[in-house]
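With UniProt numbering as the guide, the letters of the sequence shown map in order to residues 1 to 322.
The hints are simulated quantities; they were obtained by calculation from the structure and are not laboratory data. Ideal placement from N, C-alpha and C gives every residue a C-beta, glycine not left out. Mixed in with the good hints there might be a few duds.
[Stated by the list, open to error] The calculated SDA-like cross-link candidates involving lysine to any residue, where the alpha carbons are at most 20 Å apart (straight line), are:
#, residue 1, residue 2
1, Lys30, Lys153
2, Lys153, Glu171
3, Lys175, Asn163
[Claimed, not checked] Ranges of calculated distance between the beta carbons of each label pair, as one might list FRET restraints:
#, residue 1, residue 2, range
4, Ile267, Glu188, 27 to 35 Å
5, Ser266, Asp146, 44 to 52 Å
6, Leu89, Ser28, 41 to 49 Å
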Amino acid sequence: MSENNIDNIKCPISEHAYDIKLVCFNESCKANRLYCIQCIRDGIHVSHPQNQQEVPLLFEFIGKIGEECDDWITNLNQQMNVASQQFQLLIEGIRSKYQKSKQQFLNLNPKQMNSFFDETIQFQSFQYKTQDKIQQSIKEFQDQMDNLISGLKLSELNYYISNSDLKKTEELYQKGHKLYWMDDNYEEAIKLFDQALIVNSTHKLSLWCKANCLRMLGQFKEAINWADKALEVDPKHCNSLQCKGSALTQLKMFKDANQVIDLSLSINPNHFDSLWSKGCCLQQQNLFQEALIFYEKALKIIPNDKWTINRRDDCLKALNQK
Numbered sequence: 001m002s003e004n005n006i007d008n009i010k011c012p013i014s015e016h017a018y019d020i021k022l023v024c025f026n027e028s029c030k031a032n033r034l035y036c037i038q039c040i041r042d043g044i045h046v047s048h049p050q051n052q053q054e055v056p057l058l059f060e061f062i063g064k065i066g067e068e069c070d071d072w073i074t075n076l077n078q079q080m081n082v083a084s085q086q087f088q089l090l091i092e093g094i095r096s097k098y099q100k101s102k103q104q105f106l107n108l109n110p111k112q113m114n115s116f117f118d119e120t121i122q123f124q125s126f127q128y129k130t131q132d133k134i135q136q137s138i139k140e141f142q143d144q145m146d147n148l149i150s151g152l153k154l155s156e157l158n159y160y161i162s163n164s165d166l167k168k169t170e171e172l173y174q175k176g177h178k179l180y181w182m183d184d185n186y187e188e189a190i191k192l193f194d195q196a197l198i199v200n201s202t203h204k205l206s207l208w209c210k211a212n213c214l215r216m217l218g219q220f221k222e223a224i225n226w227a228d229k230a231l232e233v234d235p236k237h238c239n240s241l242q243c244k245g246s247a248l249t250q251l252k253m254f255k256d257a258n259q260v261i262d263l264s265l266s267i268n269p270n271h272f273d274s275l276w277s278k279g280c281c282l283q284q285q286n287l288f289q290e291a292l293i294f295y296e297k298a299l300k301i302i303p304n305d306k307w308t309i310n311r312r313d314d315c316l317k318a319l320n321q322k
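Using the sequences provided together with the hints, build the complete structure.
Structure, rendered in structure tokens:
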């Protein structure tokens, strides 16, 4: 969001219809730091009014932290360069002490030859001790780095996804979607979606497609759980709403199914899968006339869909038999 649009930042609480008005700088505060007039009415941040500022100060603060972060990273790189230089001094010292060509050895006087040879006799003992210390130091350093990286809690940040992670996630999703859509290989597709979600746990399409695979495998409750995860990312994702609605239908939870599918159709009245899902839900309740309406709407969008045509014809037969 650019500074030109600071007046159009929506409140993080999706139920609130207002743009943000203030930001909270209290370090120990657990509430949303960006908040709107409704939040103020609800008494959020009332305990620390001295830490509340207007929105433009947010961007000033973000810029300041960015500069401080750059300075710190520069300092860390300098420290690592010093450590690298010291390591190179160790390497050069080892080479100088234990490596000599035949000609270099012959150029030494007898005392130097004896001293050099004595040191080479002790080489393996020195090597083992030094190697052990270096490995121990490296392991301690790696453990410390792992702890520090873990302390960043990057996987918990809903805004942190690297470009390489985005690319990897999309590649895994596309492979999984092909197995799901073209090959009906739902179990293998789920494995790929799981890999994608390890990289990016909020990848909406992987969450939705995994839910649909589970639904196709008859695991309806699990399908609903994963559809809900996708809807946490995007509450208006029609494919996820349709998947959840269909799973609820298959569990014969018709009232809940109708509500979910109706929500999808309120977002997109021409969502093909939601239209036939609505028809299916009504048909399973023996509401054949109502089901026909939605099957016909679906067929106006994709006239040659065999599954929908067959369900429509089933409804017509049921009505003719009455």
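So, going through the hints one by one against the coordinates:
1. Lys30 / Lys153: holds (17 Å)
2. Lys153 / Glu171: violated (25 Å)
3. Lys175 / Asn163: Holds - the C-alpha atoms of Asn163 and Lys175 are around 19 Å apart, at most 20 Å.
4. Ile267 / Glu188: 27 to 35 Å: holds (31 Å)
5. Ser266 / Asp146: 44 to 52 Å: The hint (44 to 52 Å, Cβ to Cβ) holds, given that Ser266 and Asp146 are roughly 48 Å apart.
6. Leu89 / Ser28: 41 to 49 Å: Because 46 Å falls inside the window, the suggested range holds.
In summary, the structure is inconsistent with hint 2 from the numbered list given earlier, while agreeing with all the others.
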